[in-house]
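Could you slot chain C onto chain F? The hints should help.
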Amino acid sequence: MVLVTSVRDYINRMLQDISGMKVLILDSETVSNVSIVYSQSELLQKEVFLVEMIDSISVSKESMSHLKAVYFIRPTSENIQKLRYQLAHPRFGEYHLFFSNLLKDTQIHILADSDEQEVVQQVQEYYADFVAGDPYHFTLNMASNHLYMIPAVVDPSGLQRFSDRVVDGIAAVFLALKRRPVIRYQRTSDTAKRIAQETAKLMYQHESALFDFRRTESSPLLLVIDRRDDPVTPLLNQWTYQAMVHELIGLQDNKVDLKAIGSLPKDQQVEVVLSSEQDAFFKSNMYENFGDIGMNIKRMVDDFQQVAKSNQNIQTVEDMARFVDNYPEYKKMQGNVSKHVTLVTEMSKLVEARKLMMVSQTEQDLACNGGQGAAYEAVTNLLNNESVSDIDRLRLVMLYALRYEKENPVQLMQLFNKLASRSPKYKPGLVQFLLKQAGVEKRTGDLFGNRDLLNIARNMARGLKGVENVYTQHQPLLFQTMESITRGRLRDVDYPFVGDHFQQGRPQEVVIFMVGGTTYEESRSVALQNATNSGIRFILGGSAVLNSKRFLKDLEEAQRISRSGSHMV
Amino acid sequence: MATRNRTTVYRKHRDACKSARAPLSLSASDSFGGPVIEMVSGSFSRSNHSSYAPLNSDDPGPSSSDAFTIGMPPAWVDDSEEVTFNIQKVRDKMGELSKAHSKALMPTFGDNKGIQREVEMLIHDITDLLRNSEKRLQKLSTRGLSEESNLRKNVQRSLATDLQSLSMELRRKQSTYLKRLQQQKEGQDGIDLEFNMNGKMSRLDEEDELGGSTIKMKKGQHVSAEREREIQQVLGSVNDLAQIMKDLSALVIDQGTIVDRIDYNVQNVSTSVEEGFKQLQKAERTQREGPMVKCATILLILCFIMIVLLVLKNILL
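Going line by line, the protein sequences match chains F and C. Counting from 1, one number per residue, gives the positions in the first sequence under our numbering. Counting from 1, one number per residue, gives the positions in the second sequence under our numbering.
Watch out, some of these pointers could steer you wrong.
[What the hints assert, rightly or not] When the alpha-carbon atoms are kept at most 25 Å apart in a straight line, the in silico BS3-like pairs for lysine-lysine are as follows:
| # | chain 1 | residue 1 | chain 2 | residue 2 |
| --- | --- | --- | --- | --- |
| 1 | F | Lys332 | C | Lys173 |
| 2 | F | Lys331 | F | Lys283 |
| 3 | C | Lys139 | F | Lys46 |
| 4 | C | Lys135 | C | Lys93 |
| 5 | F | Lys266 | C | Lys278 |
| 6 | C | Lys99 | F | Lys331 |
| 7 | F | Lys549 | F | Lys349 |
| 8 | C | Lys12 | F | Lys82 |
| 9 | F | Lys331 | F | Lys259 |
| 10 | F | Lys46 | C | Lys99 |
| 11 | F | Lys46 | C | Lys89 |
| 12 | C | Lys278 | F | Lys331 |
| 13 | F | Lys332 | C | Lys103 |
| 14 | F | Lys104 | C | Lys18 |
| 15 | C | Lys12 | F | Lys104 |
| 16 | F | Lys331 | C | Lys282 |
| 17 | F | Lys331 | F | Lys425 |
| 18 | F | Lys355 | F | Lys427 |
| 19 | F | Lys259 | F | Lys553 |
| 20 | C | Lys179 | C | Lys99 |
| 21 | F | Lys259 | F | Lys349 |
| 22 | F | Lys82 | C | Lys18 |
| 23 | F | Lys436 | F | Lys193 |
| 24 | C | Lys103 | C | Lys89 |
[Unchecked claim] Some but not every residue of chain C turned toward chain F, in silico, with C-beta under 7 Å:
| # | residue |
| --- | --- |
| 25 | Ala2 |
| 26 | Arg6 |
| 27 | Val9 |
| 28 | Arg14 |
| 29 | Cys17 |
| 30 | Pro73 |
| 31 | Asn154 |
| 32 | Ser158 |
| 33 | Gly256 |
| 34 | Ile258 |
| 35 | Ile262 |
| 36 | Asn265 |
| 37 | Val266 |
| 38 | Gln267 |
Since the hints were derived computationally from the structure, they do not count as laboratory data. Even glycine gets a Cβ: it sits at the ideal position worked out from N, Cα and C.
Next up, chain F with everything else stripped away, as it sits in the complex (with noise of 0.2 Å):
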């Protein structure tokens, strides 16, 4: 709720004080940010009657000098350039500058030096840097998200590039907080390394004044950790209403296409809206799994059906009356219900055609359970069924190869084999390349739950208990790493402090940033430990947010920059 809150705050703060008709400006990063807590309806009662793009506005020509300019852009240097343009060319009567974070002097003077006209009213950095889509989750929606693979030698500046943008996030998250926190990051990632580093420089050294909050008893924590830590977590398949719409079809700041989906329902729009502030069905059900949901569903179809019954039965004049009132509500639980059933319908079609409740199965039972032999032969056998598509295949390799790296070399090597050969479109190497990069000498956490003998013997109880849903059974290790917080226990070698930094007890506030990306299950995961009431509250972010799709696509990219790059080196 914090982070929603904020950035909502933070554009009310825009508005309210300029009077009369308006127009935002937003650039291709603040539109995500601003869209995903504020309505077209709201903009509309705050007098803002028009939203532009920074890049469209410089093409029109037309002079609109009744309205005043709102901007609310990155300070880029490529905004710093448009803006130049257009301050030197103004079309509005007043220009309001707003930044989404800190602004270097050189660009002031830039942009003053434009300012001929003397249009600029005010500059203000009003740090919404961060897309906050759920109460404690945060994406930065990286497009170069990849980059955290690639060692630092190959592309030094791509590297510094994705370093910056995430450092940039990070403060404006704790600029919004207003909290300064003490820094950990994971020993194993020099990205993570890296990236903690800097944050450190800038809160503590360049900005510090600006990060001088009032400090209460037990400062926050950050802890700046590496996706390549918990592979697994990205490759599963997912079966709670809110990750498994990202896996299956694709959730994008909030919002699904259904583009792709062949036949809808009339009445039904291409791109409809998930999201728990605004739908309350979606907020009790997103992290409900897929057999609960579809009883839910009936139970609303049910409910809608029969309010739309009374509605046909009109009878007296007060009928007729009481109908027309309230049919706004009607229409918009008409719409509800049309965009539910519309997605658990397709994710039914998808599972069925994809036979992902088999594939499923194994893929838990390499993440949770033991047994290298029984696990190669559901592997292999699934690599020879035929309507298993070439992705899923893919994913199974991955699985076995992460967990069972070690044991029994030839049928792995047998598994590369007979994937290379049943999957055409297959980059040889890929699943090499993810051992490299997550194998088990890269990997801090106890993935596996089979490194200490504590957890192999906590294991074996799992096993002997059974669990209530095969499907779900897996715990992201960041739960793990969530309990060790808690308990007060997260190991100083794996997790070292920044510099000089010292944390005295448990922290009250945690923030969690996981380099490449995080995923709908792992914020699941968050909100319910926020859920538990443990008197810690942890906030989950990260560069993009992943499913397998796009997990799959960044090491490929990263696969394929890295041996440009040894052919260059």
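What follows is chain C alone, placed relative to chain F:
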């Protein structure tokens, strides 16, 4: 949430740049400096009462050739301002209407024709204002995908939302008032019934009974006539409401759907506003002339039939 104001730093830089440029350009920069500063301070000192504060009416000194000043807005802005002004008037009148309603519903022994007329007048005024506003709102509609048209569409939408909520409020007030009025009348009817029964049961002389029954009959007629009229009114208002709801709902954004997303709107210009207004026009027309048109057409048809019959009769004979 933390923010940082860079305006002072910016202004310092800007002034420094200006003075660096001043020796190069002569009096031009001076004349720009004056009115802009006035306007800046003017816009900051103005406080924002309602959400529809009128535009800066301070006349900029130089002529409209200075593109950077807040120049005269285009003509359609007058229409939108008129509509917002009307909306404010409607809100005030709705307040008066509530008071008048509650006065009319108070049980009185005299006849309350005076207060009823006041209520009817208020309702008439409000509907006139609403209709006027809807007509003016039509003028805002425009074609094309230019920025200006986008702007107008959004202004339209925002005003349409307000109008819709006001009309709904009005109809709701009306229907509750009529319902309570009906209840009151029924209450009086109940008293009549009792009176009647008492009349029958008591062993009064016939004169009294006769007197009582004629009074009852007169009252009964009076009541049924009034009830008839009120039912007609309710029907009428429900009809109006249905029409207005259907038309305005095409304009108003459904909250929580994709149409309410800013990024969706930036990418697509929705054309449904056009359709909505066409329908609004149609509804306006039929609403006003509906019953009369029906009457007229029926009469015409009857005339035709009569003429045909006449001709046939003449032919056959």
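Would the hint linking F/Lys549 and F/Lys349 be met if the CA-CA limit is 25 Å?
Holds. F/Lys549 to F/Lys349 sits at ~19 Å (cutoff 25 Å).
Taken at face value, is the distance from the CA of F/Lys331 to the CA of C/Lys278 at most 25 Å?
22 Å, holds
Run the distance test for F/Lys259 versus F/Lys553: straight-line Cα separation, threshold 25 Å.
Distance ~21 Å between F/Lys259 and F/Lys553 Cα, so the pair holds.
Holds or violated: are the alpha carbons of F/Lys331 and F/Lys259 at most 25 Å from each other?
Answer holds: F/Lys331 to F/Lys259 is near 23 Å, not above 25 Å.
Would the hint on C/Ala2 stand, with a C-beta cut-off of 7 Å toward chain F?
This hint holds: C/Ala2 lies near chain F, its Cβ roughly 4 Å from the closest one there, short of 7 Å.
Is the Cα-Cα distance between C/Lys12 and F/Lys104 25 Å or less?
The given pair, whose Cα atoms are some 15 Å apart, holds under the 25 Å limit.
C/Lys135 and C/Lys93 were given as a pair; does the straight-line alpha-carbon distance stay at or below 25 Å?
19 Å, holds
Are F/Lys436 and F/Lys193 close enough, with their CA atoms no more than 25 Å apart?
Holds, at about 19 Å.
Run the distance test for F/Lys266 versus C/Lys278: straight-line Cα separation, threshold 25 Å.
Between F/Lys266 and C/Lys278 the Cα gap is close to 23 Å, so the pair holds against 25 Å.
A closest beta-carbon separation below 7 Å is what the hint needs, so does C/Gly256 meet it against chain F?
Nearest chain F Cβ about 4 Å off; hint holds.
Identify whether the interface hint at C/Arg14 stands, where standing means a beta carbon of chain F within less than 7 Å of its own.
Hint holds; C/Arg14 Cβ to chain F Cβ min 4 Å, cut 7 Å.
Chain F contact restraint on C/Asn154 - CB to CB distance below 7 Å
4 Å, holds
Comparing the model with each earlier hint shows violations of hints 6, 10, 13, 17, 38; every other hint is respected.
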